[in-house]
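K.L.:
Residue-level listing of the chains:
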Amino acid sequence: MTAALLRRDLAQFFPFTGSGAALPTVFFVAVAMLFPFAVGPDAKILARTGGGVVWIAALLAAILPLERLVARDIELGFFDQLRLRGMAEETMMAVRLAAHWLSFGPPLVLATFPAAALLRIEGESFSLLLLGLLAGTPGLAAIGLMIAALTASLRAGAALSGLLLIPLALPVLIFGAGALARQDHVSLGFVAAISLALVALAPFAAGAAIRAAREN
Amino acid sequence: MQALPPFLAAESLACRRGERLLFRRLSFRLEAGSACHVTGANGAGKTTLLRALAGLTTPFAGEVRREGALALLDERSGLEPDLPLGRALDFWFGLDGATDGDAVMRRLRLDALAEVPVRFLSTGQRKRAALARVLGQAAPVWLLDEPLAGLDIASQGLVSALVREHCAAGGIALIASHQPLDVPGMTSFAIEDFAPAETEDAEA
Chain Z
1 MTAALLRRDL AQFFPFTGSG AALPTVFFVA VAMLFPFAVG PDAKILARTG
51 GGVVWIAALL AAILPLERLV ARDIELGFFD QLRLRGMAEE TMMAVRLAAH
101 WLSFGPPLVL ATFPAAALLR IEGESFSLLL LGLLAGTPGL AAIGLMIAAL
151 TASLRAGAAL SGLLLIPLAL PVLIFGAGAL ARQDHVSLGF VAAISLALVA
201 LAPFAAGAAI RAAREN
Chain B
1 MQALPPFLAA ESLACRRGER LLFRRLSFRL EAGSACHVTG ANGAGKTTLL
51 RALAGLTTPF AGEVRREGAL ALLDERSGLE PDLPLGRALD FWFGLDGATD
101 GDAVMRRLRL DALAEVPVRF LSTGQRKRAA LARVLGQAAP VWLLDEPLAG
151 LDIASQGLVS ALVREHCAAG GIALIASHQP LDVPGMTSFA IEDFAPAETE
201 DAEA
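Read top to bottom, the protein sequences are chains Z and B. For the record, in the first sequence the residue sitting at position 176 is 176 according to this note's numbering, with numbers rising by one throughout. For the record, in the second sequence the residue sitting at position 137 is 137 according to this note's numbering, with numbers rising by one throughout.
If we strip away everything but chain Z, and leave its shape as in the complex, we get:
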């Protein structure tokens, strides 16, 4: 049952098959493309600030899919029907987390190649950026899922979830972008640890949130 759900969730969220799901990746590259126009083509400035811009772009790209992540399936009665078949909300949310990350994490990492080329990020900085995004995007996906589940029953949920994600994502951003500034791998360890904790927590928090949403 879990495998069938994962297939369905992936079909819904995956770039180019799901409706509009490629948007976060396109948005991410667009930000990287705009930045050199805004600050000028000076390679030194670009290389020093580019990593931070990529991280901010990744964070904003993580906000885009939140609107349809959970609320839509609550309205459809989809989670209710799964519950009646004995599936726990935590399982549904764990599957949703996996599908959400797969649909925006790896495409974002791939899109980092053109983005880094546009921002003149090379060598050690580039590998730190790639590893950081690999370690950090699961955490961003987990925060996004929790917020999407919590705000699903609110009328202004979509706008609110963007606002809520930003402060919660700060630790990931600080250590992820910090790794670039200090050129060390220790910060990446922190990013991975924060991500791991968030990923472990998210299915339970999101599961409880969609259960609570039923009561009103």
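Possibly wrong hints are sitting among the right ones.
[To be verified] Covered by chain Z, according to a simulated footprint, are these stretches of chain B (three or more residues, beta-carbon under 8 Å):
no., stretch
1, 34 to 43
2, 50 to 63
3, 80 to 93
4, 111 to 122
No lab work stands behind these hints: they were computed from the structure. Note that the structure is a prediction, hence the values are computed from the model and not measured. A virtual CB, placed ideally from N, CA and C, is assigned to each residue, including glycine.
Based on the hints, put chain B in the right spot on chain Z.
P.N.:
For chain B alone, coordinates are given in the frame of chain Z:
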């Protein structure tokens, strides 16, 4: 493994919506092969009762007991709006291990609509699609919330026939509806009979 005969029972059930107590001291027990019709005005608590019976919400007081898998039909079809109807139903048929999906769709006259995206279906067609999902589930306990709403005369007769067959095969059906169903031997109760008097709101 010998499956136990299905039953559905409520014991002194009370449910609230917001701060308002909708009904209290509601008790019944449905044995295999029985159907029950719940009536009540809009907002009396029929949907709330069905969701509590399904275990989706926790009742304010009392207990729901049940043996056997449960299928719920409510105003939300659970079908993917962007997918063609056939594929949207196939997801649930696959999940429920239904092998006779095509027969179910023919029975509900949905076979001609298989290629139409769910969001283009009319209210009645969507209701029939949700019924197909319930049939495919092959659950012994049915909870049907307004199964006749939006259906034409022929389809309303079909719903009655489906409930009759379901009960004849040993199933249980609890139906919340404003319209009458043609099911012999069906019991019924009005949810207003369990509504609290104005003065007893606080206790229950």
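K.L.:
Each hint: holds or not?
P.N.:
Going down the list of hints, with the structure as the test:
Counting residues of the stretch 34 to 43 of chain B whose C-beta lies closer than 8 Å to any C-beta of chain Z gives 0; at least three are required, and the coverage claim is violated. With 6 residues bearing a CB less than 8 Å from a CB of chain Z, the stretch 50 to 63 of chain B meets the requirement of three and the coverage assertion stands. By the rule of at least three residues with a Cβ nearer than 8 Å to a Cβ of chain Z, the coverage given for the stretch 80 to 93 of chain B holds, with 5 such residues. Coverage of the stretch 111 to 122 of chain B by chain Z is violated. Counting CB-CB distances below 8 Å, 0 residues qualify, and the rule asks for three or more.
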